[in-house]
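**Q** Here is what each chain is made of, one letter per residue.
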Amino acid sequence: MRQLFPTGPETDARHILAELTADPDDGPLVCGDERVIDFLTRFARKLLAPGTARAYPELASLGFFLRKGEIGKALRSVHTTDGVFRFPRGLAFHVPPANVDTIFVYSWALSALAGNRNVVRVSPRTAGAGQAVLDALNEIDVHPAIAQTQRMVGYQRDDEATAALSAACDLRVLWGGDRAIAALRRHPLAPHARELTFPDRASFAAISLPGWRKASQTERREAVRGFYNDAYWFDQAACASPRAVFWIGEPAEAPGAQREFRALLREVLDEQRYVTDPAMAVQQRVAGYGMAADGLASGLGFDAGVATIQLAEPGAVPREWLAAGTFAHATLRTLPELAKIVRRKDQTLTQFGFTDDELARFVRATGGSGVDRIVSFGSALTFSPVWDGYDLLHEFTRLVTVRST
Amino acid sequence: MSAADGLLPELAALTEHHRERCQPYARILDALGVPREFSDVEELPWLPVRMFKTHELRSVPDDEVFKVLTSSGTTGGGASRIYLDKDAAAAQTRHLGATLRAVLGPKRLPMLMVDTVGIIKNRREFSARGAGVLGMATFGRDHTYLLDEHDEPDVGALRNFLARHGGAPFLIFGFTFMVWQYLYEVAREHSLDLSNGILIHSGGWKKLADRAVDNEEFRRRFRADTGLARVHNYYGMIEQIGTVFLEGPSGDGLYCPDFADVVIRDPETWARQPIGVPGVIQVMSTLPRSYPGHVLLTEDLGVLHGVDDGDWPGKRFSVLGRLPRAEVRGCSDTFAARGAAA
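Chains A and B are the protein sequences, given in the same order.
The working numbering applies: residue 292 is where the first sequence begins, and numbers increase by one.
The working numbering applies: residue 0 is where the second sequence begins, and numbers increase by one.
If we strip away everything but chain B, and leave its shape as in the complex, we get (with noise of 0.2 Å):
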């Protein structure tokens, strides 16, 4: 039995938790006709992860919602909301902080960020980086920001990190265009030592495919020019924050926590793919209590590349890419607000 099967009971029975107590949620289901039991985690019902961009669903009472989370709203349709009471809050991190002691370690790190540190200070613009990157300060000590107050790499304040930590396990925080045009290309240019860094990276490609730089790429010229070879990038998203997929230390794949699973699906039957066919990714986790995001469609295109035959057991799969807008055509405002009229 894999790890995902293992997961059927609770999150069957989380669907029932938030039918009960969301609903909006409740209807969506009725609608569909969902059943209330179910043989298979690829029969759980998902949502559209837009969905929480254009309705409010929590499954606790207003007076209990202690956190409102909000993403920037990079798709149109504004921004996700969502909403944590306090057990789902501790329940995140402490989910979180046991994903990434697989690769840290039971210990706190001196930690570098591959940020600035007005992006934590500003509170009133707090964004989906600044709350990134105050998400995993958590997880280390003695924090250096790379980036001055003008997001240039300080060069000084990196020497001085590493001088201090850079002959003992380190670890490095960014998102990885950052992490690339700043760290590796300052890092390379100084002829700096990161070999003890282990570094923690997400956020896509995009920015980087006009460089020509590639998951790969990325990986091999920073073990070339910086010594760094302990590189894990990760695939997480706001509606089931808490829930991070990491990737492997050889670079094979992202992995699912003990606590979560991912299915890849054919837009056109929804039907489950077989290893090595690209789809939609769809993304499940037992921690989404207090709203009903634990059985997620996302909008971005992945691939299976195989169970239990890599770095850790269980299932590995690649991000491909956001999917591609729709482009229409018509008359109306709605095209507007989608970025392709007048």
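Just chain A, same shape as in the assembly (with noise of 0.2 Å):
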């Protein structure tokens, strides 16, 4: 096992656990300590310096979601009143995809919050911006109680370390595809422990026709903008990436819209120099004629980048990913009709022109049978304290209630 936060020499998972399980000298984490206030807030700096936020400029989203004023927000948000307290979990083992560098950091960092000791798996695969993660976490002057109770390993698939490591934790966090968590599960966790999982999810956009009808013409290119950096980052592949866009409202507006929508689009890409690798061309195709050899897609065209799915009927949403730049439409008459599409996988759903009180109504239809969070064109990737329907640092911490009559 190989130690890469902090530096060390080769372990194995017995001498971590005996490392993490001794209280530090200066006294055991609590939730929101300063320690790793202080801590955070040094990490923080690092991701922002220019060099790091330009090379990977999902690390500079880290470091704002990592500043002292939005740590204190999230604390906030757990203050408890007389009679409650407040603790860490204990010991939490975190297990992130391969893929996504960096969005492990986040659950680590609120879990740190919350005053846990942390034992991240490292994919050995990472490179990049989680290798510029580690790095900047090496380069911070660490308190010893830091150094003590927050650990990033490596190693190969290794069922007996990952045993050791479940078996002794009190929160297990798991990312990543459906298989791989089926797998991880094998290994149990304590009676009491407790399991955070973050598998594969689906995510859409919806665009209200009398909201882009009201739209300028600067609004409408602007939320394309946004659109695009909902797509495209993680070649739409992060979960929160759309896949599809529901236009809603009156069926004969939305060829017009959808035709502007794509053109925009296109402006878009080009605006970004974005450069469409042959193999993934070819992956649209693919994508696309699948779809409509299976029944499921009535038109497709296909631009320089984009691949535009029309979906035979609303139901046949994509819910796995197809390929970068490829995007399922399909048209609905009011927004709780696409309450009877969504399901337990769905994640995010991106927004244009809605008002408030639309999309309440659509949430209140779904009755929580899918869609986690809402957010507007541009805000799929921002990560947020609540993910995946869980106030992490609520499930990273939990409560000792005092009543004395």
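Mixed in with the good hints, there may be bad ones.
Said to hold, decoys possible - Straight-line C-alpha distance at most 20 Å; calculated EDC-like pairs for lysine to aspartate or glutamate:
id : chain 1 : residue 1 : chain 2 : residue 2
1  : A       : Lys359    : A       : Asp432
2  : B       : Lys52     : A       : Glu611
3  : A       : Lys505    : A       : Asp648
4  : B       : Lys85     : B       : Glu63
5  : B       : Lys52     : A       : Asp585
If you're looking for bench data, these hints aren't it; they were derived computationally from the structure.
Assembling the complex is the task here: the two chains are given apart, and the hints tell you how they should meet.
**A** Below, the structure is given as structure tokens:
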């Protein structure tokens, strides 16, 4: 087992666990621990350094998330009243996905802020932004209590290590594909321990046709720029990236609005100097043709970098990744009709042109059957302390209640 | 009028034929808004070759399927499944034979296989390589397999073969890297004379790239060190079984048989690339009648060198390699399957 943060000699799960279990000399971590806050804010400054932020824009977002003001806001949300005490859960074992380099840092940072001891298994394939995170962490002059309680390790497929860490932890946080999660779940937890999983999700966009009509040309272009960021940043493969666009309103208006949207998206791709990889262009065709062959698509259109699939019916919405820049389109008269289509697997609805009332009516109509969050175009990938429907600081802590009468 | 234009009526009729008989294919064409008439082969709708891995595409009813060919799934997404009825199976052998006769002559020649006999004996693990060897064996006689059961070159068998047949034209067949690794190196080491051989080989140059052997070097060294000068690389795929694009005698490019054509496309605009500009290879053949494989976009890059200006009439082109796989970031299992993640 390699020690990636803090760096150290080759070790094993037994040693890591022994070191993690001992209390730091100046006392165990508490929820909202000053030592953690100091560490995270210094980490944030590293991420916001111009060189790092330029090379990896997603690290700048992470840096913003960890600024002192944001941390304070998050901590205020778990403020307790008299007679209620909030404590860390204990030892948290995190297994992040291999390919989204940085999302695990959010859940780890919140778990640290909750006062947990953390061991994170970083994917052996980590490179780029993930490596930059480790480099930034290792450049910080770390308080001994942090170095002792916050550990990032790397190991190749090793059931023994995973089993030992699983058995010892109070909280296990799993990210990744459904298969990867199923494989990790073979390793039992202690009876009192709990688990939080972030499996494969699907996300969509919804555009209000009246809202689109009312918007100025500038607002429409800005919306499409936001959509571009949501969809193209991670090759449309982040869980929150929209895979389909629902046009909500009078069906007769949809084709014209859609044509304009498609043209604007093309312009944004040019503006961003987006280059379609030839293999990805072929993948777009394979995905679109496949949906047509299965009777799920009634129309296909291909512009450079953008594949447009007209769904044969709105319920045929794709929930699997198709190809970067591949969008299924469907039209519905009202947003509550979409409530009948969404499922538990559906995570983010990025929206343009709806009122708060319309969105609230939609959410009530779902009855919680699907969609964890609704955000405006451009914010799909912005992490929030409430993720996949979980208020993470609440999940990462536990309560002790005291009543004398 | 070039040969390619001559194929338009037949390819357009095939498009209609498959449209009527293969529902998934018809749905794709309808979704694309493909017209019923075409003024140029370039307008014909192409299918990405990978569709045969993801979908069952056939234009014959279940009870007329005579043979199902499967490819090894080297690019992910499983194996291609190609459905042949009796007529299609017979036609592919006949057309492959006609193409090869251009370089082999009318008579079947003694044949040296640069492979092991095990590759065709073990029917249970029948591979694409085995299918290639078996398909080609029909065009020769008195087969000798160069490799023994441990995949080691059997120099004694090679000497025997040359003693019996080396004085007159004989046929050599094998996969490019095996031909190089086993036949070339052994023949050079033992100073064997292959000057009456006609080598037919295929499989690509990727495995030879780290030895700095490309087509030119391959031909040059075979000629210099073994006397073998009649060398024909070919390009073909299971999804267009029976159609091979054979290299001209001087090695100036691959040529289309008279029932096939090729177009190089710009991967950004999908427009036809001019001569000399690399792009994605699209292959067309009038052979596939039992499955809609008559117009296919491959996942290979190629370049057109010229038209009617080489060894043989028609277009000549080269294959430059595979399209590089798209690397994708993301959190799903999809990428594990594509070889990029967890």
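**Q** Of the hints given before, which are not true for this structure?
**A** Failing hints: none at all.
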